[in-house]
Amino acid sequence: MPVPRDTTMLKPNPRKFLVAMAEAELEPKELAEKSGVSVSIVYIARRGYYVKPVYLGRISKALGVSVADLIEDNMEGGGVNSE
65 MPVPRDTTML KPNPRKFLVA MAEAELEPKE LAEKSGVSVS IVYIARRGYY VKPVYLGRIS
125 KALGVSVADL IEDNMEGGGV NSE
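The sequence shown runs 65 to 147 under my numbering.
Treat the hints with care, as some may be off.
What the hints assert, rightly or not - DSBU-like, lysine-lysine: derived pairs with alpha carbons at most 35 Å apart:
| hint | residue 1 | residue 2 |
| --- | --- | --- |
| 1 | K93 | K125 |
| 2 | K116 | K93 |
| 3 | K93 | K80 |
| 4 | K80 | K125 |
| 5 | K125 | K75 |
| 6 | K93 | K75 |
| 7 | K98 | K80 |
| 8 | K116 | K80 |
| 9 | K125 | K98 |
| 10 | K75 | K116 |
| 11 | K98 | K116 |
| 12 | K75 | K98 |
Just so you know, the hints here were simulated from the structure itself, not pulled from any lab data.
All chains, full assembly: derive it from the sequences and hints.
Listed below in structure tokens is the structure:
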């Protein structure tokens, strides 16, 4: 039986994350120091794995973007445009 997905986590889009890092001219280690999260959290988010909202909030603040700019556009679970 599969483990249910944790809906309290956010999934960053790896491409959007990398673009934001490039625009901020930050390396993962610098981003971790500036945002106050561990380097492993930055790598996890950069790869597009689910992270806690508080971590993504800190990272987005350090990058100077909103959280919505970093997460996946097509969230599962149905939305306005779901077919």
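So which of those numbered hints doesn't the model satisfy? Per hint list: zero violations.
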